[in-house]
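Undergrad: Chains as they are written, first to last, in our numbering: chain A, 1 to 365; chain B, 1 to 365.
Worth double-checking, as some hints may not be accurate.
[As the list claims (entries may be wrong)] Label-pair ranges, simulated between beta-carbon atoms:
no., chain 1, residue 1, chain 2, residue 2, range
1, A, E35, B, R98, 45 to 53 Å
2, B, E106, A, V186, 53 to 61 Å
3, B, Q275, A, R31, 39 to 47 Å
4, B, P328, A, A41, 29 to 37 Å
5, B, G96, A, A41, 45 to 53 Å
6, B, R98, A, A41, 52 to 60 Å
7, B, S326, A, E95, 16 to 24 Å
8, B, D304, A, E106, 50 to 58 Å
9, A, T92, B, A333, 26 to 34 Å
10, A, T92, B, G96, 21 to 29 Å
11, B, E119, A, E296, 52 to 60 Å
12, A, V186, B, L61, 49 to 57 Å
[Unchecked claim] To spell it out: a stretch of chain B is covered by chain A in this simulated footprint if at least three of its residues, at any positions, have a beta carbon under 8 Å from a beta carbon of chain A; those stretches are:
no., stretch
13, 16–27
14, 104–116
15, 120–130
16, 205–216
For the record, the hints were derived by calculation from the structure and aren't laboratory data. Positions of the beta carbon are idealized from the N, C-alpha and C atoms, including for glycine.
Protein chains: 2
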Amino acid sequence: MTVLANDTFLRALRREPTSHVPVWLMRQAGRYLPEYAKLRARAGSFMALAKNPELAAEIALQPLARFALDAAILFSDILTIPDAMGLGLSFTEGEGPRFARTTVDERTIAALSAPDLEELRYVFDAVRTTKHALAGRVPLIGFAGSPFTLACYMVEGGASADFANVRTMAFARPDLLDRIVRINAVAVADYLAEQARAGADVLMLFDTWAGMLSPAAYRRFSLAPIGSVLERLPRDVRTIVFAKGVAASLPALVTCGASCIGVDWTVDLGDARRQYGDRVAFQGNLDPLALLANPESIRRAVADMIAAAGEQPGYVFNVGHGLVPSTPPDHVAALVDAVHGARSSRVEATCSERSGTAATVDGRG
Amino acid sequence: MTVLANDTFLRALRREPTSHVPVWLMRQAGRYLPEYAKLRARAGSFMALAKNPELAAEIALQPLARFALDAAILFSDILTIPDAMGLGLSFTEGEGPRFARTTVDERTIAALSAPDLEELRYVFDAVRTTKHALAGRVPLIGFAGSPFTLACYMVEGGASADFANVRTMAFARPDLLDRIVRINAVAVADYLAEQARAGADVLMLFDTWAGMLSPAAYRRFSLAPIGSVLERLPRDVRTIVFAKGVAASLPALVTCGASCIGVDWTVDLGDARRQYGDRVAFQGNLDPLALLANPESIRRAVADMIAAAGEQPGYVFNVGHGLVPSTPPDHVAALVDAVHGARSSRVEATCSERSGTAATVDGRG
Chain A
1 MTVLANDTFL RALRREPTSH VPVWLMRQAG RYLPEYAKLR ARAGSFMALA
51 KNPELAAEIA LQPLARFALD AAILFSDILT IPDAMGLGLS FTEGEGPRFA
101 RTTVDERTIA ALSAPDLEEL RYVFDAVRTT KHALAGRVPL IGFAGSPFTL
151 ACYMVEGGAS ADFANVRTMA FARPDLLDRI VRINAVAVAD YLAEQARAGA
201 DVLMLFDTWA GMLSPAAYRR FSLAPIGSVL ERLPRDVRTI VFAKGVAASL
251 PALVTCGASC IGVDWTVDLG DARRQYGDRV AFQGNLDPLA LLANPESIRR
301 AVADMIAAAG EQPGYVFNVG HGLVPSTPPD HVAALVDAVH GARSSRVEAT
351 CSERSGTAAT VDGRG
Chain B
1 MTVLANDTFL RALRREPTSH VPVWLMRQAG RYLPEYAKLR ARAGSFMALA
51 KNPELAAEIA LQPLARFALD AAILFSDILT IPDAMGLGLS FTEGEGPRFA
101 RTTVDERTIA ALSAPDLEEL RYVFDAVRTT KHALAGRVPL IGFAGSPFTL
151 ACYMVEGGAS ADFANVRTMA FARPDLLDRI VRINAVAVAD YLAEQARAGA
201 DVLMLFDTWA GMLSPAAYRR FSLAPIGSVL ERLPRDVRTI VFAKGVAASL
251 PALVTCGASC IGVDWTVDLG DARRQYGDRV AFQGNLDPLA LLANPESIRR
301 AVADMIAAAG EQPGYVFNVG HGLVPSTPPD HVAALVDAVH GARSSRVEAT
351 CSERSGTAAT VDGRG
């Protein structure tokens, strides 16, 4: 196991005191960085980058060269699993992901099965290459889409404003949707476990479209399969579940078994921490559009958020959804500096008082 | 004042027992009805219909000819106010509303003022004509966009996937956004009060884009101005605030002063009713996509929802967002029948026991 030079992020996930508030940002690697745009133009397509472990590693490390981030995240896409199921993924400029085949009729769904992990070897290679390139600087996050969010794209055939087909299926044929998410859960668990074996320190599930469901449907089609994914993962790996649009289901979500819950910016972080901060860590939740404002207002927003998060251990600063392509890199720098400067002096005292009891540092958390 | 033949909806808003669960549906008049499509094609544009009181009344009554709905709603648009402010509203096919002028720079915002109500006379005429055409059959709902939701369109210049400009303004220039929503609040209050004078029995605010804001920003830019609108309305008119995407802020929302809170389908209706059902009525909240399934699953979903709502008075059945254009009218019929059949026998007993103390029936609630 690599000894990490900076394990602040892992400590926060374990709800241990830290010398500063750790920060990383969803979509910290990618579209808003000119050095990414250059590589992207050369490679020709998004998947050409994701399928090349050396390029994927280079992209994952790009933001770390600019900003003092406390974690790196694998450069990949949540749709690698349905792609490996043979649904024919492609990305069209400005329109997002598209599948050649949709998963809607009874026969297609009956024939659906978890993919051969060999088809996803490029992802595990990218984890290994990125982990090696990081050389223990910060932890590496591996990830997958949640079983339900994958189902959204599979049933719809791509992105959608309202995911009308999957929402209708939840009422008309809940049995079919049950089967899709059950198969996805097996696939996601195997896929994440293999990412951990390849070197990922933390595993994260993105439940981007959870908010399309009523609370009862969310528990059945999204949260239950997430629970079964988490049960199948190695016990020693820390996990994060990010869910968008399910503020009303937070009491259920915090019991799913994840080490940390990532929340969108409509959740009251202070309330969430006060109510559930003794059982899970929280990650979030600045509106990513705040990054388009100006450094002064970003610093104010960061200070407000860290004050709301409170002093209890177990908090990771992040945005409440991915950075948008028009985010100015200078504003990200201002944000990261503001987070790190926020309460280091005060918490350092707390931390050194307790350093005698701190857990042994390793690369796994 | 007209005596209403069916005042079930008003009774539910007053949290009095009713003989059946009242039901109406957001966007019950319009796009999914072939008889609307015919009128729309003849008129040439959406606003040509909305600006013609006779046609607007005809459209508002179309769904009542098909379904035993317990309320009618004015046929209009939430953007009539910014249009009357001189921002130049137009509707492009498939793209939705567009303003010729956006409200983003300091000078435009300094010059902004509430519109002359004379510019909105066509709306009040439509209320009067519709009220007359209803002949006391069911109550008529007048409505407006919330001050913040109007600001979204004004700042953005139209609909948007992420309303990036208004969300950025909330961080970069909160003072400017404060001014816009303050002016909108005055305009909305005057506009709704005039609709009540023209005959609207109930006044409703649509806060469609509330979910774009963090809880703190929501309280400042949306809920506070909604409170000031409600304070300025005549005391004897019942009010409904529909808000989408603010499940986390429900405890604040129920204190805004409205008679009834309309919730989207991500809110747990049972929880909401148990926690706040003794202070406000609730309206909602079936996923409108459920209407695309089949009559059998619609009946099941209705039964589940009415069971969740519980027996406490103060519940109006509705969808959690507007009906989509592909909704089959037959499915709406199945839904309305299912709601009315749901627990009529049981509640009738309760209701007749109490009929001696029931409030006097009038057209105002």
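Undergrad: Which numbered hints does this structure break?
TA: 1, 4, 5, 6, 8, 9, 11, 13, 14, 15
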